[in-house]
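J.: Spelled out, the chains give:
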Amino acid sequence: MPLYHDDDQVMLAETTSQFMREEGAIAKQLRHWRDRGCKDGFGHGLWKQFAEMGFTGILVGEDDGGLDMGHVEAGIVLEEIGRNLTPSPFLTSSVLAATALKHGGDEVRGRYLPGLVSGDSVFAVAIDEGAKHRPERIATKAEKSGNGFKLSGQKDFVIHGASADMIVVAARTSGSDADADGITLFAVPKDTAGLDHDSVRLVDSSMATHTKFEGVELDGDSVIGEVDGGREILDRMLAAGRVGAAAEGVGVARGAMDMTVDYLKQRKQFGRLIGEFQALQHRAAHLYSEVEIARAATIKAQQLLDNDSEKADLMASVAKAKVAKAAGLAVREGVQMHGGIGMTDEYDIGLYMKRDRALQEFLGDMYYHAGRVAEMSGY
Amino acid sequence: MPDATSDLEVFRQETRDWLEDNCPEDMRKPVKTEDDIYWGGRNATFKSDAQKAWFEACRDKGYTVPAWPEKYGGAGLSPAQAKVLRQEMSRINARPPLSSFGIWMLGPALLQFGTEEQKLHYLNQIARGEIRWCQGYSEPGSGSDLVSLQTFGEEVSDPEGGDHWVVNGQKVWTSYADKADWIFCLVRTDKEDKYRGITFMLFDMESKGVSTKPILLISGNSPFCETFFDDVKVPKDQFVGEINRGWDVAKYLLGHEREMISGAGGGARTAAIGAAMKRHAGELDPCLRVELAMFDVDALAYSAMGEKFLDEIKVGKAHPAQPNMMKYAGTELNKRRHELMMAAGGSRSLEWDSEETDGGQPSRNWLRTKANSIEGGTSEVMLNVISKRILELPGA
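Protein chains in written order, with our numbering: chain A, 1 to 379; chain B, 1001 to 1396.
Hints in this document: simulated from the structure, not taken from any laboratory. The beta-carbon is built from N, C-alpha and C at its ideal position, and this holds for glycine as well. Don't take every hint at face value.
[Claimed, not checked] Examples of chain B residues toward chain A, derived with CB under 7 Å:
#1 E1291
#2 I1313
#3 A1321
#4 M1325
#5 V1381
#6 R1389
[What the hints assert, rightly or not] Subject to a maximum C-alpha distance of 30 Å in a straight line, what follows is the list of computed BS3-like cross-link-like pairs (lysine-lysine):
#7 K311(A) with K1388(B)
#8 K265(A) with K1388(B)
#9 K132(A) with K1278(B)
#10 K311(A) with K1335(B)
#11 K1317(B) with K268(A)
#12 K1032(B) with K311(A)
#13 K311(A) with K1317(B)
[To be verified] FRET-style restraints, in silico, Cβ to Cβ:
#14 M376(A) with D1285(B): 45 to 53 Å
#15 S1354(B) with M376(A): 28 to 36 Å
#16 P1394(B) with P114(A): 52 to 60 Å
#17 P1069(B) with D120(A): 55 to 63 Å
#18 Q1118(B) with E14(A): 38 to 46 Å
#19 E232(A) with K1314(B): 50 to 58 Å
#20 K1208(B) with G271(A): 34 to 42 Å
#21 G1359(B) with E14(A): 42 to 50 Å
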């Protein structure tokens, strides 16, 4: 498979780009909801439009009403989301939760996937415990109780947690905190008794929760996959989410870079366009090179995921770490090269810096993933 | 309708079988020293029977230049087939059967700009490893500002018939000029027009008036020479492209040189090194481990970029200035790689001529990589080109 988009994917990218530029634009979505102090941090109207475009069910199988496309296609949507800083539950619902549900039985799929595909439902995932992403350790417990389970513990950095109609929760059904085995994934519906959300607004205006589970009673049908067999599904979900976050990060990087390069062609100082100065040209050219490489790594990871390759997990971490480096550079250079106006709320470049910061942290930052690359490589 | 994917899988199996039968075990070991590389040419000698057998098998199959048309000595493989061959060779760590500036640089330029006669003659020689080529580009006063070159050629009317041109001047950094059979050379033929005053010429290094002098580098090796031309005769049918339009050929060829230096095809230059360094050093300092991990992220990402770039270039999807980006990123990465290898190797890697280090390979290779971001266009020139042609920044 050549490492570029085929004709169908190019067409999808063009359609998506136009849609997101028009409907998902910064003024129309991010600033609009932010300035109104929206408790969801995104617009449900846009989510319905995502459904009409087919985005919501892009990874969902045809039998479940989705488009049954791959991670390359999901990545195309995410790159445009990143470029326009479009707030939406796409990554948590249509990539992360959808990947988990794919491994669930008929019951749980039938209960949740129609709502996802139609754009009526929003999903979240609850993985992190504490301020850093450490999915190797899971302490949240689900104990047998009658025919079901009783869930207790706390999850953090649950994006869209309070808006979600269902949360995928990774919990321990046996063993101790650091064990790989003994994990089970649960689909926890909203408004379940014992579910307590502490909502927080993040630097990028997205909404997250610290969510407490205080003896939350779940029936056996809320298990996704097998009891104690959740680690493999969790790993697949994480790989899909990380590669998805990388794709969104590529969009953030390219959006910030394009905006900055445009600015270099407009702003005059010392009687010259500042883009004429070699000191800035070389930094912009270096940035271009880093962003191109990060994008290649991301597309490679998407293709490996779609081919179910054993190398996909390594490349997912490579992509997440490389995009973190490149996108971080893009937003820092973006603000610096914009000068004073880069520090103002009125200009969009600062919004890119904020989104990048949140995205870096989501599902593991570059230090976490570089460490993972070392471990998987055997050193 | 034939199924393209299954055809390709059949080709993959055939290639695997062919490699199994034809690639000797010794040719599946990493290239360590200059002796492990076969450059071909009039005076070439094989360093082992395995090297000879592997080269001859590839030559007869057209696999020294697999993607070139068969009439020019290649195997006429499609881009997809060439990729399969590359993957299968890389899978068994097969060495390149023939290394040659003819394959990497002159060949692509001839395919684009040569006459049919020139292609049939020179490309077949290159594919068969019969002529070893060197490149006459840089001059003492023309490094990054290559187009200011002064080596001068003028037409001389020969009363005995057979008009030719006479070339005078000096080139520098001519790779392996002392070992090469022929040179492809940029010569000024019009002093009035900087860009449209250069002609791309080919001539025999045994021509009267050609002399070379090796340059000793900080690595202790002499892969480069100074090359002098004193009234060298060059017949007009040895020009590639039109008179005074050699800069077009040169630019095209530089693109290929940059691809080559960037190691775009994958291989050792784009591989991760952390695991090998751990095996080598036994234990890694925690901070070095971090640096290695960050390097491996960049290296593995860059190898995906290399794959994407090659895939795109074959179907004309790559930006024409993209080789400059590949060259910039690839060479900077390679320099970093060798800094880390020196650090992981410790005092052992300082040894200059010990047997254990194959004659100081770690330090010599480390020093050699410092030229990567200078030769074939410096990193600074690459960034200039990206600024101008890709980002379209003003005044670049």
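J.: So, for every hint listed, does it hold in this structure?
T.: Each hint tested on the structure:
1. E1291: With a closest approach of 10 Å, the E1291(B) hint is violated.
2. I1313: Cβ of I1313(B) sits 10 Å from chain A, so the hint is violated.
3. A1321: 10 Å, violated
4. M1325: 5 Å, holds
5. V1381: Where the cut-off is 7 Å and the nearest Cβ of chain A is about 11 Å from V1381(B), the hint is violated.
6. R1389: Result: violated, 10 Å to nearest chain A Cβ.
7. K311(A) with K1388(B): 37 Å, violated
8. K265(A) with K1388(B): Answer holds: K265(A) to K1388(B) is near 12 Å, not above 30 Å.
9. K132(A) with K1278(B): Holds: K132(A) and K1278(B) sit about 28 Å apart, inside 30 Å.
10. K311(A) with K1335(B): Satisfied, since the Cα-Cα distance of roughly 27 Å is no more than 30 Å.
11. K1317(B) with K268(A): 34 Å, violated
12. K1032(B) with K311(A): 28 Å, holds
13. K311(A) with K1317(B): 26 Å, holds
14. M376(A) with D1285(B): 45 to 53 Å: 20 Å, violated
15. S1354(B) with M376(A): 28 to 36 Å: 34 Å, holds
16. P1394(B) with P114(A): 52 to 60 Å: 54 Å, holds
17. P1069(B) with D120(A): 55 to 63 Å: 59 Å, holds
18. Q1118(B) with E14(A): 38 to 46 Å: 43 Å, holds
19. E232(A) with K1314(B): 50 to 58 Å: For E232(A) and K1314(B) the Cβ distance comes to about 38 Å; the hint is violated.
20. K1208(B) with G271(A): 34 to 42 Å: Given range 34 to 42 Å: violated, Cβ gap about 57 Å.
21. G1359(B) with E14(A): 42 to 50 Å: 57 Å, violated
The earlier numbered hints that this structure contradicts are 1, 2, 3, 5, 6, 7, 11, 14, 19, 20 and 21.
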